[in-house]
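Participant: Build the full structure now, drawing on both the sequences and the hints.
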Amino acid sequence: MSKSHIKGPAMAAALAFVSAVTLAACSSSSTGAASSPSGSTSSGAGAATPTGQKVKGGSVSVALPAAVTANWIFPFSSGAFFSVYNISDLQQPMYRPLYWFGGENNQPTLDLGLSAATAPVYSNGGKTVTVSLKNWKWSNGETVDASDVVFWMNMMKAEKTNWAGYTPGLFPDNVKSVTKVNAQTVRFDLTQGYSDNWFTYNELSQITPMPMAWDVTKAGAKPGSGGCAVAVVKCKAVYNFLTTQSKNLTGYASSPVWGVVDGPWRLGAFSSGGQYTLVPNPKWSGNPKPQLASVKFLPFTTDAAEFNELKSSSNIDLGYIPSADLSPKPASQLLPKTNPAGSNYNLKPNYTWSVNYFPENFNSAKLGTVFKQLYFRKAFQMVMDQEVDANKAYRGYGYANFGPVPVNPPSKWLSPQAKTNKAVYPFNPAKAKKLLTSHGWTEQGGVMTCTKPGAGSNQCGVGVKAGTKLNIKLNYASGAAALTLTMEQLKSDASKAGIDVTESEEPFNSVIASASPTSKSWEMADWGGGWIYAPDYLPTGESLFQTGAGSNYGSYSSKAMDAAIKATTTANGTGPLFTYQDLVAQQLPVVFQANSYGISAISKHVGGVILNPLGALNAEYWYQTK
Numbered sequence: 001m002s003k004s005h006i007k008g009p010a011m012a013a014a015l016a017f018v019s020a021v022t023l024a025a026c027s028s029s030s031t032g033a034a035s036s037p038s039g040s041t042s043s044g045a046g047a048a049t050p051t052g053q054k055v056k057g058g059s060v061s062v063a064l065p066a067a068v069t070a071n072w073i074f075p076f077s078s079g080a081f082f083s084v085y086n087i088s089d090l091q092q093p094m095y096r097p098l099y100w101f102g103g104e105n106n107q108p109t110l111d112l113g114l115s116a117a118t119a120p121v122y123s124n125g126g127k128t129v130t131v132s133l134k135n136w137k138w139s140n141g142e143t144v145d146a147s148d149v150v151f152w153m154n155m156m157k158a159e160k161t162n163w164a165g166y167t168p169g170l171f172p173d174n175v176k177s178v179t180k181v182n183a184q185t186v187r188f189d190l191t192q193g194y195s196d197n198w199f200t201y202n203e204l205s206q207i208t209p210m211p212m213a214w215d216v217t218k219a220g221a222k223p224g225s226g227g228c229a230v231a232v233v234k235c236k237a238v239y240n241f242l243t244t245q246s247k248n249l250t251g252y253a254s255s256p257v258w259g260v261v262d263g264p265w266r267l268g269a270f271s272s273g274g275q276y277t278l279v280p281n282p283k284w285s286g287n288p289k290p291q292l293a294s295v296k297f298l299p300f301t302t303d304a305a306e307f308n309e310l311k312s313s314s315n316i317d318l319g320y321i322p323s324a325d326l327s328p329k330p331a332s333q334l335l336p337k338t339n340p341a342g343s344n345y346n347l348k349p350n351y352t353w354s355v356n357y358f359p360e361n362f363n364s365a366k367l368g369t370v371f372k373q374l375y376f377r378k379a380f381q382m383v384m385d386q387e388v389d390a391n392k393a394y395r396g397y398g399y400a401n402f403g404p405v406p407v408n409p410p411s412k413w414l415s416p417q418a419k420t421n422k423a424v425y426p427f428n429p430a431k432a433k434k435l436l437t438s439h440g441w442t443e444q445g446g447v448m449t450c451t452k453p454g455a456g457s458n459q460c461g462v463g464v465k466a467g468t469k470l471n472i473k474l475n476y477a478s479g480a481a482a483l484t485l486t487m488e489q490l491k492s493d494a495s496k497a498g499i500d501v502t503e504s505e506e507p508f509n510s511v512i513a514s515a516s517p518t519s520k521s522w523e524m525a526d527w528g529g530g531w532i533y534a535p536d537y538l539p540t541g542e543s544l545f546q547t548g549a550g551s552n553y554g555s556y557s558s559k560a561m562d563a564a565i566k567a568t569t570t571a572n573g574t575g576p577l578f579t580y581q582d583l584v585a586q587q588l589p590v591v592f593q594a595n596s597y598g599i600s601a602i603s604k605h606v607g608g609v610i611l612n613p614l615g616a617l618n619a620e621y622w623y624q625t626k
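So in the UniProt record's numbering, the last spot in the sequence shown is 626, and the numbers never skip.
The set of hints was computed from the structure by calculation and includes no laboratory data.
Be aware that a few hints might be false.
The calculated DSS-like cross-link candidates involving lysine-lysine, where the alpha carbons are at most 30 Å apart (straight line), are [stated by the list, open to error]:
id : residue 1 : residue 2
1  : Lys465    : Lys520
2  : Lys392    : Lys496
3  : Lys473    : Lys452
4  : Lys434    : Lys422
5  : Lys56     : Lys137
6  : Lys412    : Lys434
Facilitator: So this is what it looks like as C-alpha cells:
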C-alpha cells in the first residue's frame with residue numbers, strides 16, 4: 001500500500017517529480033506508460049538529454065513539494081509516517097527492500113536487478129515461497145542474509161498494528177511460519193495458496209531486511225542482543241528502542257543505528273527544518289555505483305516559493321512547475337508550448353501509479369452515521385466537479401478518476417467500465433440535493449437537516465439522529481494552489497446541495513497524522529494526492545478498503561467489499577480485479593477527486609533521470625555534465 005503510500009499534496013507537478021522521479025506507496029505487472037507529448041520541450045518518459053560532457057561527482061538538488069518534509073527514517077512505519085517522502089525519498093535509498101519495483105524504466109514492475117533477492121520460487125500449490133538473497137553487505141560488514149528477513153517478519157508479527165500496510169488476515173497473518181533454510185535462503189509457509197503475482201507484488205514487497213545492528217534495546221548494545229531476529233516475544237523492546245531513535249530527527253545523520261545501510265546511499269546531513277543530504281555508500285554491493293557526490297533535498301513552504309527559486313537561481317536541479325504557473329495545456333500535447341522554467345531546464349511529463357481521493361471518517365462522533373449511508377456518499381460525489389478541477393485547478397494537466405485502479409499510465413488492470421472513465425455518479429448538485437431530500441433531509445437556513453430519522457427508504461438512515469445537520473469539517477494540505485482551488489470549488493458546489501463544508505488548511509504531515517482510523521474527531525481529510533500504489537504495487541484493495549486495514553483511514557467496512565478484495569488475492573488474471581474496482585466505483589468508500597500528471601523541470605546539466613510512475617528513487621543512475 002505506500003497513505004501504499006500516501007502521496008500529496010495535490011500539486012501534480014510536485015508529486016510527479018518527487019514521488020515519481022524519486023518513489024513512492026502498489027503496482028502490478030502492467031507495462032503501460034504515458035504517451036509521448038509533442039511539445040517543443042523535451043518529451044517522453046525516458047531520460048531527458050543533458051548538454052555537455054558527463055563528469056564524476058558534483059551535487060544535485062531536488063525540490064520537495066510544498067509544506068512537505070521527511071520525518072521518519074525507520075522503515076517500519078505507522079500510518080502517520082507512511083508517506084512517499086519518508087519511504088521512497090529517505091528510507092529506500094539507504095535501506096533496500098527485499099524486492100525493488102519501478103527501476104530505471106517507465107513501468108510499475110518488479111526489477112530483479114535492483115532487488116536484494118532473486119526471483120521468489122512458488123511451490124506446493126502456492127502455499128510455499130522460497131527466497132534466496134544475493135549476499136549483499138551492510139556498511140558495517142554484516143551480510144544481508146536470511147536472519148535480516150526473519151528479523152523483519154518477527155517485527156511485523158509482534159507490531160503488526162503499528163505497520164501501516166497491515167490488513168487483518170493478510171501479511172503477516174497469512175504466513176504460518178518463516179524458516180531460515182540456510183544463511184541466504186528463507187522459506188515462507190503460507191496458510192493457503194495465493195496468486196504468485198499478488199503475493200510477490202503486495203506481500204513480499206513489504207519486506208525490508210534489517211541488520212543485526214538494529215536488533216538491540218539500547219545504544220551501544222551488541223548486535224543481535226535484542227533477540228527479535230530469534231523470537232517474536234523479544235521484538236517489543238527492540239521496536240520501542242528503534243521508534244524512539246526515529247523520533248530524534250536531529251540525530252539522524254550522526255546515529256550509529258541509522259548509519260548502517262545496505263543501499264547505494266547513506267545520510268550525510270539532516271536538519272529538523274526538512275533539508276537533508278544523501279551521500280554515496282562506498283560499501284554498496286549492487287550496481288550501478290553512485291556517480292554523484294551528493295543529492296540534496298530542499299523543502300519549501302509553498303509551491304510558489306519553489307517556482308520562484310527555480311526561475312531565479314541555479315539552486316534547484318530537479319524541480320517542478322506548479323499547476324498555477326503552467327499555461328493551459330495545448331490540445332493533443334502533454335507539455336506547455338513554452339517552458340516557464342527557462343532555457344536551463346528540460347521539461348518532462350510524469351504520471352504516477354496513483355489514484356486521487358480523500359476519506360470520510362466513518363468513525364466520526366458527529367457524522368459517522370451519515371457517512372455510512374450510501375445515498376449520502378453518492379450525493380457528495382455528485383458535488384465534486386472533476387472536469388472543472390482538471391481544467392481549472394490543474395490548467396488542463398489533470399484528468400478525472402472514479403475508481404481504485406490508476407487511469408494513467410494505461411494498464412491491463414483497468415476494467416472495461418473503468419476504461420471509459422465515466423462517473424457512475426456524474427457531477428450534478430441538483431440531483432445530489434434531490435437525493436438528500438428524498439432520504440429525509442430538509443434544507444434549513446441553507447443547510448440540510450435530518451427531519452425524518454429512521455431506517456426507511458425515505459428516511460435519513462440507521463443511527464442518524466433528528467436535527468443532524470450537514471455541517472462538515474474538511475482539513476486539507478496547505479501550500480498547493482491547485483488543491484486550494486479544488487477545495488474552493490467543492491465548497492461552492494456542495495452548498496448548492498445544502499451541504500456546508502467548513503475547510504481548514506494544515507501542513508501535509510499534520511493532515512495525514514490526524515486522519516487516524518481510531519480517531520472520532522476528524523470528519524474529512526484531504527492530503528491532496530490520494531494513494532500511490534507502493535509497497536503494495538498490484539492495485540487491489542486489501543490495504544485501502546478491507547475492514548480493519550492499516551491504511552483504511554476512514555474505517556470503511558463492507559462484507560461485499562471484503563469478499564471482492566479476497567478474490568483478487570487468490571486468483572491470477574484480471575476478472576476478480578475488474579469486479580472489485582467496479583464495486584468500489586459504485587459503493588464509494590472514499591471521495592474521488594481529479595488526479596493530474598506533473599511537469600518536472602530537470603537541469604540540462606543533469607542526466608540519467610527517469611520518471612518512473614512508482615516514483616522509484618534511483619539517484620545512483622544520475623550524473624552531472626559540464
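Participant: Which hints from the list above does the structure break, by number from lowest to highest?
Facilitator: Violated: hint 6 alone.
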